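Position in the sequence shown (first residue = 1) + 1 = my numbering.
If you're looking for bench data, these hints aren't it; they were derived computationally from the structure. Quick caveat, the model's predicted, so the values are computed rather than measured. Even glycine gets a Cβ: it sits at the ideal position worked out from N, Cα and C. Check the hints yourself; a few may be wrong.
To be verified - Distance windows between CB atoms, simulated: (1) G194 with K75: 20 to 28 Å; (2) V197 with R69: 13 to 21 Å; (3) V78 with G194: 17 to 25 Å; (4) V120 with A199: 29 to 37 Å; (5) A113 with W219: 28 to 36 Å; (6) F243 with R68: 35 to 43 Å; (7) L251 with R68: 18 to 26 Å; (8) W219 with F39: 24 to 32 Å; (9) D173 with V109: 43 to 51 Å; (10) R247 with A117: 17 to 25 Å; (11) L40 with E133: 45 to 53 Å; (12) V197 with P142: 23 to 31 Å.
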Amino acid sequence: MTLPPLYLLLVALVGVFAGTVNTIAGGGSLITLPALIFLGIPPTLANGTNRVGVVVQSMTAAETYRRRGILDAKRAVWPFVPLGIGSVVGAWFSTRLDDDLFRMVIAVAMLAMLAALVVNPKRWLTGRPGAEPQPWYLRVPAFLVVGLYGGFLHAGVGVFLLAALVLLEGHDLLRGNAVKVLLVGLITLVSLGVFVYADLVAWDVGLCLAAGSGLGGWLGSKLTVSWGPTLIRWVLIAVVVFSSARLLGLF
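Turn these sequences into a full structure, and let the hints guide you.
Here is the structure:
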């Protein structure tokens, strides 16, 4: 599927906005996924195409964390195993749904994420310096479930993954967020392979989205102080309310 040049420009602009939001407060896919659908891309195709931008932005951000000495990539190795397995299974399930059903799934998931945005879970995610990881029988199922969701839909997966890394792995918020960014990039890359195999990636749209997201990530790093995560969170809440209502056919 191809879009007219004007639509591709709109996709890039959406990517800039989403990349900016994602850098400051997270949740960029809550913007890009419904935007792709509203531009006329079928939901299952939009779900796969959205991953292209996520991979580029996540890997770029992870490299930035590495250069700053914040990212300990070794601590991402073992969580990636259950996360990767879960993401493949979740992506496969999402490719089996028809577009009408998947549209409803996206709307319901966005409403669930709305609750998370209102509660603002980062308030209770506090690091535990020197804390030991929880037992494997708690961590493995948790990462499998997070991977399943990430592969299936992705939107908002960073919130759940950061919670698992802080509460179960013992990370502090800063370093946990760096590991989260790397893991999101890796599991998105793995799930992208499933969508490519299922021919559910519109590459022209995905590359425009990736270019915009990369620019937005850079812009977000410049605007973090002046905008701040609180304002962005409320912008996200407004976007999610509008998008979920539109997907449910309320207007």
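**OP:** Could you tell me which of the numbered hints above are not met by this structure, giving the numbers in increasing order?
**Re:** Hint check: 2, 7, 9 fail, others pass.
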